[in-house]
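Trainee: Residue numbers for the sequence shown follow this note's numbering, beginning at 1 and rising by one.
Mixed in with the good hints, there may be bad ones.
Straight-line Cα separation of at most 27 Å, DSS-like style, residue types lysine-lysine; simulated pairs [unchecked claim]:
| id | residue 1 | residue 2 |
| --- | --- | --- |
| 1 | Lys44 | Lys14 |
| 2 | Lys53 | Lys42 |
| 3 | Lys42 | Lys14 |
Pairwise CB distance ranges, derived in the manner of DEER restraints [unchecked claim]:
| id | residue 1 | residue 2 | range |
| --- | --- | --- | --- |
| 4 | Ala49 | Val12 | 17 to 23 Å |
| 5 | Arg4 | Lys44 | 36 to 42 Å |
| 6 | Pro11 | Asp34 | 21 to 27 Å |
| 7 | Asp32 | Glu8 | 37 to 43 Å |
| 8 | Ala57 | Asp29 | 21 to 27 Å |
| 9 | Asp64 | Asp34 | 26 to 32 Å |
| 10 | Asp29 | Gly52 | 41 to 47 Å |
| 11 | Thr55 | Asp34 | 29 to 35 Å |
| 12 | Lys44 | Met18 | 14 to 20 Å |
Read the hints as simulated data drawn from the structure, not as lab findings. Just so it is clear, CB atoms sit at the ideal spot from N, CA and C, and this is done for glycine as well.
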Amino acid sequence: MFGRKRSEAEPVRKDQVMRLISLGMRETDAADMDIDGPEFDKAKAAFEAALGKSTQAEKNAAIDALRRHGY
Numbered sequence: 001m002f003g004r005k006r007s008e009a010e011p012v013r014k015d016q017v018m019r020l021i022s023l024g025m026r027e028t029d030a031a032d033m034d035i036d037g038p039e040f041d042k043a044k045a046a047f048e049a050a051l052g053k054s055t056q057a058e059k060n061a062a063i064d065a066l067r068r069h070g071y
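Using the sequences and the accompanying hints, generate a full structural model.
Mentor: Rendered as structure tokens:
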């Protein structure tokens, strides 16, 4: 009753998590083809931009999914 205030869980937007997963896979695939190529640079920039717009819970969910699938 008078204890610590419980923190609310961060919101997880499913569409944002799916976007992060898609961009993460695209970045990994581009790195496999040519890590010095412009496709990798574009994919990495897009992935990092999406990470910047995500909550920590969304980042964790996407990273866990990518690891489970071997990316």
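Trainee: Compare the structure with the hints numbered earlier in the document and write down the numbers of the violated ones, lowest to highest.
Mentor: 6 and 10
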